[in-house]
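Engineer: Chain residues, written in single-letter form:
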Amino acid sequence: MKITLEKPNVLPGFGLAMGFTLFYLALVVLVPLSTLFWKSATLGGGALWAAVTAPRVLASYKLTIGASLVAASLNAVFGMVVTWVLVRYRFPGRRLVDALVDFPFALPTAVAGITLTTLYAPNGWLGAPLEKLGIKAAFTPLGITLALTFIGLPFVVRTLQPVLELLDPEVEEAAASLGANRWQTILRVVLPTLFPAWLTGFAMAFARALGEYGSVVFIAGNMPMKTEITPLLIITKLEQYDYAGATAIAAVTLIFSFVLLVAINRFQSERARLGTTD
Amino acid sequence: MASIAVRARPHVAPRATSEPFLVKAVLVAVALAFLGLFLVVPLVAIFSEAFSKGGAPFVAALHEPMTLAALKLTLLAAGIAVPLNLVFGVAAAWAIAKFDFRGKSALVSLIDLPFGVSPVISGMIFILLFGRQGILGPLVQALDVKVVFAVPGIVLATVFVTFPFVARELIPLMQTDGTEEEEASRVLGASGWQMFWRVTVPNIKWGLLYGVILCNARAMGEFGAVSVVSGHIRGQTNTLPLHVEILYNEYHFQAAFAVASLLTLLALVTLVAKSLVEERGGPTSCQREEDQ
Chain A
1301 MKITLEKPNV LPGFGLAMGF TLFYLALVVL VPLSTLFWKS ATLGGGALWA
1351 AVTAPRVLAS YKLTIGASLV AASLNAVFGM VVTWVLVRYR FPGRRLVDAL
1401 VDFPFALPTA VAGITLTTLY APNGWLGAPL EKLGIKAAFT PLGITLALTF
1451 IGLPFVVRTL QPVLELLDPE VEEAAASLGA NRWQTILRVV LPTLFPAWLT
1501 GFAMAFARAL GEYGSVVFIA GNMPMKTEIT PLLIITKLEQ YDYAGATAIA
1551 AVTLIFSFVL LVAINRFQSE RARLGTTD
Chain B
8 MASIAVRARP HVAPRATSEP FLVKAVLVAV ALAFLGLFLV VPLVAIFSEA
58 FSKGGAPFVA ALHEPMTLAA LKLTLLAAGI AVPLNLVFGV AAAWAIAKFD
108 FRGKSALVSL IDLPFGVSPV ISGMIFILLF GRQGILGPLV QALDVKVVFA
158 VPGIVLATVF VTFPFVAREL IPLMQTDGTE EEEASRVLGA SGWQMFWRVT
208 VPNIKWGLLY GVILCNARAM GEFGAVSVVS GHIRGQTNTL PLHVEILYNE
258 YHFQAAFAVA SLLTLLALVT LVAKSLVEER GGPTSCQREE DQ
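Chains A and B supply the protein sequences, listed in that same order.
Counting from 1301, one number per residue, gives the positions in the first sequence under this note's numbering.
Counting from 8, one number per residue, gives the positions in the second sequence under this note's numbering.
One thing to keep in mind: the hints can contain errors.
[Unchecked claim] Partial list, computed: chain B residues near chain A (C-beta under 7 Å):
{"id": "1", "residue": "L34"}
{"id": "2", "residue": "A38"}
{"id": "3", "residue": "L46"}
{"id": "4", "residue": "F106"}
{"id": "5", "residue": "S125"}
{"id": "6", "residue": "L136"}
{"id": "7", "residue": "V166"}
{"id": "8", "residue": "T186"}
{"id": "9", "residue": "F230"}
{"id": "10", "residue": "A274"}
[As the list claims (entries may be wrong)] To spell it out: a stretch of chain A is covered by chain B in this simulated footprint if at least three of its residues, at any positions, have a beta carbon under 8 Å from a beta carbon of chain B; those stretches are:
{"id": "11", "segment": "1448 to 1455"}
{"id": "12", "segment": "1463 to 1475"}
{"id": "13", "segment": "1535 to 1549"}
Worth flagging that the hints you see were computed from the coordinates, not collected in a lab.
If you're wondering where the values come from, they're calculated on a predicted model, not measured in any experiment.
Quick reminder that beta carbons are idealized off the backbone N, C-alpha and C, glycines included.
For reference, chain A alone in the conformation it holds in the complex:
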């Protein structure tokens, strides 16, 4: 039970602020978004099912979800190392590196897209050495994964960082004084504490990657069945005036990411609730 003082609030402006908030929210977000479901409803069940399960659509789901999972996993591993290094160690340029972590958030996705494509193209700075090893990056699922890794990079670091900063050193000292070696302390004391934030960061990077368009579309190659991501397929259908098909795919994508986000929110509020009890 949460305890709230049931006192009358003397502050003014609730009516005005709340009224404007709800009006603007409805106008800008809720009404436009609801058109998606309204339009899907007019399709009818059979057409809807056919539209979202066509082989080309299924292939795009597989690619998008697969590449997003790999990218989010890469970020989970390297994001943990980066966070650890940024919080625990002192080295020259640490603050600059810390600020740079947000670069993928701040950089327009189209710029990221053309830059990564140029870098990983067969004659690019990174593409040429890879080509010598027989690895093609640009215009393949590997290129898509690299782009999704770029845009998801800040999520894991930024969710882990505050948690690791607040982790009381006494906990680790206690583990050490009880005879744990450093490795045991990290594995059994530090990582379990970080795990919820780690999972949240992973899920956020994954969710972002699922809908990503700008940074991927240049490097993807966009071959149907092979390197066509779901957001691009939606655009293709829109350009062919197949609004029904585009809407159906969009609705599926949207529901999937909402379920993911609700799960993240639940998980976070659960964590906050457990955190406040002690």
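Once you have looked at the hints, place chain B on chain A.
Structural biologist: Positioned in the frame of chain A, the structure of chain B alone reads:
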């Protein structure tokens, strides 16, 4: 006794709470290699490509009329979206942070919605709403205004994708501030707006600035949503990110990167501003704790 006390300095074995030097060095190297590969190399590549033919073509690409038209439209879209979402953010944060009501967490989730929507879908919903086959299509045609594939559509999509930024920064900030200072000002006879301008705004100014910076960066850089509603009419419905795409797809790589470098500068300025705001915001929040 005294000699024992001197010898018995608290001594924690360094191995107990930190890693051996070699492990540290390897971890730092791995982190820097990862960030170098994914962040620094692309950053260097943008400017290297932009200046690949020297300074003159770089300047020429930026002075091109189509680039300037795209810049104008980008500034216009951000100039409308940022103030609107700023006013909304303050209003929403005021209602959510300072008052108790049912359904608050649901409202917060609804405000976050646009973050969970793919940029492509964010643009598409405005086509479904205002397009020729759209729900409000007949109305828009009867009024003889163009929304989709025109400037209003671009502005709407930009407003949608940048909707949560300011509110999201302000809600936690205003929640930690509490209501005591505002209540005190009311007791001392301040009017509602006096209280707002002299108590609330000074308390939230750094968070507000940070929210505006983030909102602006996204407004100027948005690509997917704007791309769907724009129709890519040169000189009319092209924003800077869309202009980058067109130049790139027409193999004007150097020009594309010249324009891209402009957007990259915006991103770097955003990062610097963020660091500065965090530094400024730090001491004041500590001070606040001291006051309590």
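Engineer: Could you run down the list of hints and mark each one as holding or not?
Structural biologist: Verification of the supplied hints:
1. The beta carbon of L34 of chain B comes within 5 Å of a beta carbon in chain A, closer than 7 Å, and the hint placing it at the interface holds.
2. Because the closest C-beta pair between A38 of chain B and chain A is about 4 Å apart, less than 7 Å, the hint holds.
3. Of the supplied interface hints, the one on L46 of chain B holds, with its beta-carbon coming within about 5 Å of a beta-carbon of chain A, less than 7 Å.
4. A cut of 7 Å between beta carbons decides the hint on F106 of chain B: the least distance to chain A is about 5 Å, and the hint holds.
5. Hint status for S125 of chain B relative to chain A: holds, with the closest Cβ pair at about 3 Å, below 7 Å.
6. Taking 7 Å as the C-beta contact cut-off toward chain A, the hint placing L136 of chain B at the interface holds, the least distance being around 5 Å.
7. Using the Cβ-Cβ criterion of 7 Å, the hint placing V166 of chain B at the interface with chain A is satisfied: the shortest such distance is roughly 6 Å.
8. Checking T186 of chain B against chain A by beta carbon gives a least distance of about 6 Å; that is within 7 Å, so the hint holds.
9. Taking 7 Å as the C-beta cut-off, the interface hint given for F230 of chain B holds, the closest approach to chain A being about 4 Å.
10. The interface hint given for A274 of chain B is met, as the beta carbon of that residue sits about 4 Å from the closest beta carbon of chain A, less than 7 Å.
11. With 3 residues carrying a beta carbon less than 8 Å from a beta carbon of chain B, the segment 1448 to 1455 of chain A meets the three-residue requirement, and the given coverage holds.
12. Residues of the segment 1463 to 1475 of chain A lying with their CB closer than 8 Å to a CB of chain B number 3, which satisfies the three-residue condition for coverage.
13. With 5 residues having a beta carbon nearer than 8 Å to a beta carbon of chain B, the segment 1535 to 1549 of chain A meets the requirement of three or more and the stated coverage holds.
In this structure, none of the earlier numbered hints is contradicted; all agree with it.
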